[in-house]
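Undergrad: Heads up: the sequence lines are chains Y and W, in that order. Per the working numbering, the first sequence starts with residue 88, numbered consecutively. Per the working numbering, the second sequence starts with residue 4, numbered consecutively.
Hints are supplied without guarantee of correctness; some may be wrong.
Straight-line alpha carbon distances no greater than 30 Å define the calculated DSSO-like cross-link-like pairs of lysine-lysine that follow [what the hints assert, rightly or not]:
1) W:K54 - W:K11
2) W:K11 - W:K24
3) Y:K207 - W:K54
4) Y:K207 - W:K24
5) Y:K289 - Y:K358
6) W:K94 - W:K54
7) W:K54 - W:K24
8) W:K54 - W:K44
9) Y:K289 - Y:K112
10) W:K11 - Y:K112
11) Y:K207 - W:K11
12) W:K94 - W:K44
Bear in mind the hints are in silico, worked out from the structure with no lab data behind them. None of the values given here were measured: they were computed from a predicted structure.
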Amino acid sequence: MSVVFAGVCSHAPGITGRTARADPKARQILFDSFARMRDALEVTSPDALIVIAAEHFANFFMNNMPAYCVGMADEYEGPIEDPDWLGIPRTLIPGNAGLSRRLIERVIQRVDVAYAEEWKFDHGIMVPLHFLTPRYDLDIVPVNINCQGPPLTPLHRAYEFGRALRIACDEVPERIAIVGTGGISHWPATPNSGKINEEWDKQFLDRFVRNDREALLSYSDQETYRDAGQGGFEIRTYIALAGAVEGSTGELLCYEPIPIYAVGCTVAVMKVYAAGPITPAT
Amino acid sequence: MSLYYVQKLMYELNRDSRMRKRIDDDLDEVLAQFRLTEEEKSALREPDIGKLYVMGVNGQILMHFAALHGFSWDEYIAAMREGVSRYGPVKSGFYATVDDGEGGAV
Numbered sequence: 088m089s090v091v092f093a094g095v096c097s098h099a100p101g102i103t104g105r106t107a108r109a110d111p112k113a114r115q116i117l118f119d120s121f122a123r124m125r126d127a128l129e130v131t132s133p134d135a136l137i138v139i140a141a142e143h144f145a146n147f148f149m150n151n152m153p154a155y156c157v158g159m160a161d162e163y164e165g166p167i168e169d170p171d172w173l174g175i176p177r178t179l180i181p182g183n184a185g186l187s188r189r190l191i192e193r194v195i196q197r198v199d200v201a202y203a204e205e206w207k208f209d210h211g212i213m214v215p216l217h218f219l220t221p222r223y224d225l226d227i228v229p230v231n232i233n234c235q236g237p238p239l240t241p242l243h244r245a246y247e248f249g250r251a252l253r254i255a256c257d258e259v260p261e262r263i264a265i266v267g268t269g270g271i272s273h274w275p276a277t278p279n280s281g282k283i284n285e286e287w288d289k290q291f292l293d294r295f296v297r298n299d300r301e302a303l304l305s306y307s308d309q310e311t312y313r314d315a316g317q318g319g320f321e322i323r324t325y326i327a328l329a330g331a332v333e334g335s336t337g338e339l340l341c342y343e344p345i346p347i348y349a350v351g352c353t354v355a356v357m358k359v360y361a362a363g364p365i366t367p368a369t
Numbered sequence: 004m005s006l007y008y009v010q011k012l013m014y015e016l017n018r019d020s021r022m023r024k025r026i027d028d029d030l031d032e033v034l035a036q037f038r039l040t041e042e043e044k045s046a047l048r049e050p051d052i053g054k055l056y057v058m059g060v061n062g063q064i065l066m067h068f069a070a071l072h073g074f075s076w077d078e079y080i081a082a083m084r085e086g087v088s089r090y091g092p093v094k095s096g097f098y099a100t101v102d103d104g105e106g107g108a109v
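Work out the full structure, taking the sequences as your base and the hints as a guide.
TA: Right, dumping it as structure tokens:
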């Protein structure tokens with residue numbers, strides 16, 4: 088089949104861990120937008136959901152850090168964090184090792200991807216799932232892009248990784264949904280936690296919903312660090328998602344800067360039906 | 004300076020409930036398994052969240068170490084601020100404080 092749904096959202100742990108402390112109006116807009124994203128996802132009846140995430144040292148450390156990794160298990164667990172701290176109970180999450188394996192076999196034709204048969208989800212995946220598949224009844228294929236331990240994969244490779252993922256999805260029979268989750272500008276886990284560069288975020292999101300490859304790939308890491316903080320390195324997840332739906336534009340459902348959640352809270356959905364199958368990278 | 008091992012200890016602690024129990028039972032035995040300086044051991048024992056932050060421990064790892072030791076969100080942010088005022092700017096990594104901590108929500 089192919090990709091039947093694609094979107095991006097924030098995953099900040101404050102969204103579930105410090106829910107009550109946000110401005111109620113902004114929070115409502117965010118939560119309503121997550122609900123709209125969930126509705127849009129469910130209406131496509133996906134067989135599996137790929138989550139392109141940027142984890143935070145839950146599974147991978149600097150002793151052995153893959154640039155890209157795809158989970159290949161029938162079951163995952165999460166959250167790795169204290170459930171009370173995150174506001175999400177610990178649970179088992181279904182996977183599909185067979186589907187993962189078929190996707191990996193295809194992605195690896197174009198990108199040297201690592202795989203993992205064990206994976207503990209951190210907030211980077213649990214927060215999106217909490218809103219999008221709260222019954223944990225959809226098979227998840229976790230994907231990680233290293234955005235924490237430099238050297239980091241360059242942006243153009245993240246885009247190509249997304250394209251490779253899309254080609255793989257086109258070659259398997261399942262109906263696949265893909266969600267990218269990360270950033271955008273933020274300075275989490277520093278005294279600046281709560282600082283948000285709205286102007287930068289809005290420019291990035293404009294480039295993202297237009298799926299303007301050239302503009303999306305034009306950021307240097309030095310510029311991103313200066314303007315969007317170390318959390319801004321997570322734009323790789325959005326860029327991979329853009330690559331997965333190359334040729335499709337999107338709709339921004341929510342952008343609400345919520346300092347106590349430490350990020351400009353974002354929800355966007357891409358119009359994947361508009362796009363035909365993309366041509367393989369040469 | 005063995006920042007790598009300070010972070011590795013915390014990484015393992017964050018992943019492994021048995022390891023968390025071991026530090027409750029015998030912290031020194033756990034510390035002895037990592038190549039750490041006396042200053043690092045002391046910062047981990049206390050724990051001095053501000054000093055660990057200034058040493059350059061990745062914020063995503065330190066955030067959970069602080070929570071494990073009972074720091075509320077606001078106390079954790081305050082501990083990092085205090086660390087910077089006491090020990091100076093962050094020495095390593097990319098979780099530095101910028102613009103004097105501007106925009107921080109506490």
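Undergrad: Would the pair K207 of chain Y and K54 of chain W pass a check requiring their Cα atoms to be no farther apart than 30 Å?
TA: Holds, at roughly 29 Å.
Undergrad: For K54 of chain W and K24 of chain W, compute the direct alpha-carbon distance and say whether it is at most 30 Å.
TA: holds, 24 Å
Undergrad: Mind checking the alpha carbons of K54 of chain W and K11 of chain W for me, to see if they're no more than 30 Å apart?
TA: holds, 17 Å
Undergrad: Regarding the pair K94 of chain W and K54 of chain W, is the alpha-carbon distance no greater than 30 Å?
TA: The given pair, whose Cα atoms are some 10 Å apart, holds under the 30 Å limit.
Undergrad: Is the straight-line distance between the alpha-carbon of K207 of chain Y and that of K11 of chain W 30 Å or less?
TA: holds, 17 Å
Undergrad: For the pair supplied as a hint, K207 of chain Y and K24 of chain W, confirm whether the alpha-carbon distance does not exceed 30 Å.
TA: Judged against 30 Å, a Cα distance of about 19 Å means the pair holds.
Undergrad: Taking 30 Å as the top limit, are the C-alpha atoms of K289 of chain Y and K112 of chain Y close enough?
TA: Cα-Cα ~20 Å, so holds.
Undergrad: Compare the distance between the alpha carbons of K289 of chain Y and K358 of chain Y with 30 Å, and conclude whether the hinted pair is satisfied.
TA: Answer holds: K289 of chain Y to K358 of chain Y is near 19 Å, not above 30 Å.
Undergrad: If you draw a straight line from the CA of K54 of chain W to the CA of K44 of chain W, is it 30 Å or shorter?
TA: With Cα atoms ~11 Å apart, K54 of chain W and K44 of chain W stay inside 30 Å; holds.
Undergrad: Under the criterion that the straight-line Cα-Cα distance not exceed 30 Å, is the pair K11 of chain W, K112 of chain Y satisfied?
TA: Judged against 30 Å, a Cα distance of about 40 Å means the pair is violated.
Undergrad: Does the structure keep K11 of chain W and K24 of chain W at a Cα separation of 30 Å or less?
TA: The given pair, whose Cα atoms are some 17 Å apart, holds under the 30 Å limit.
Undergrad: With a cut-off of 30 Å on the C-alpha distance, tell me whether K94 of chain W and K44 of chain W pass.
TA: holds, 18 Å
Comparing the model with each numbered hint stated earlier shows that hint 10 is the single one that does not hold.
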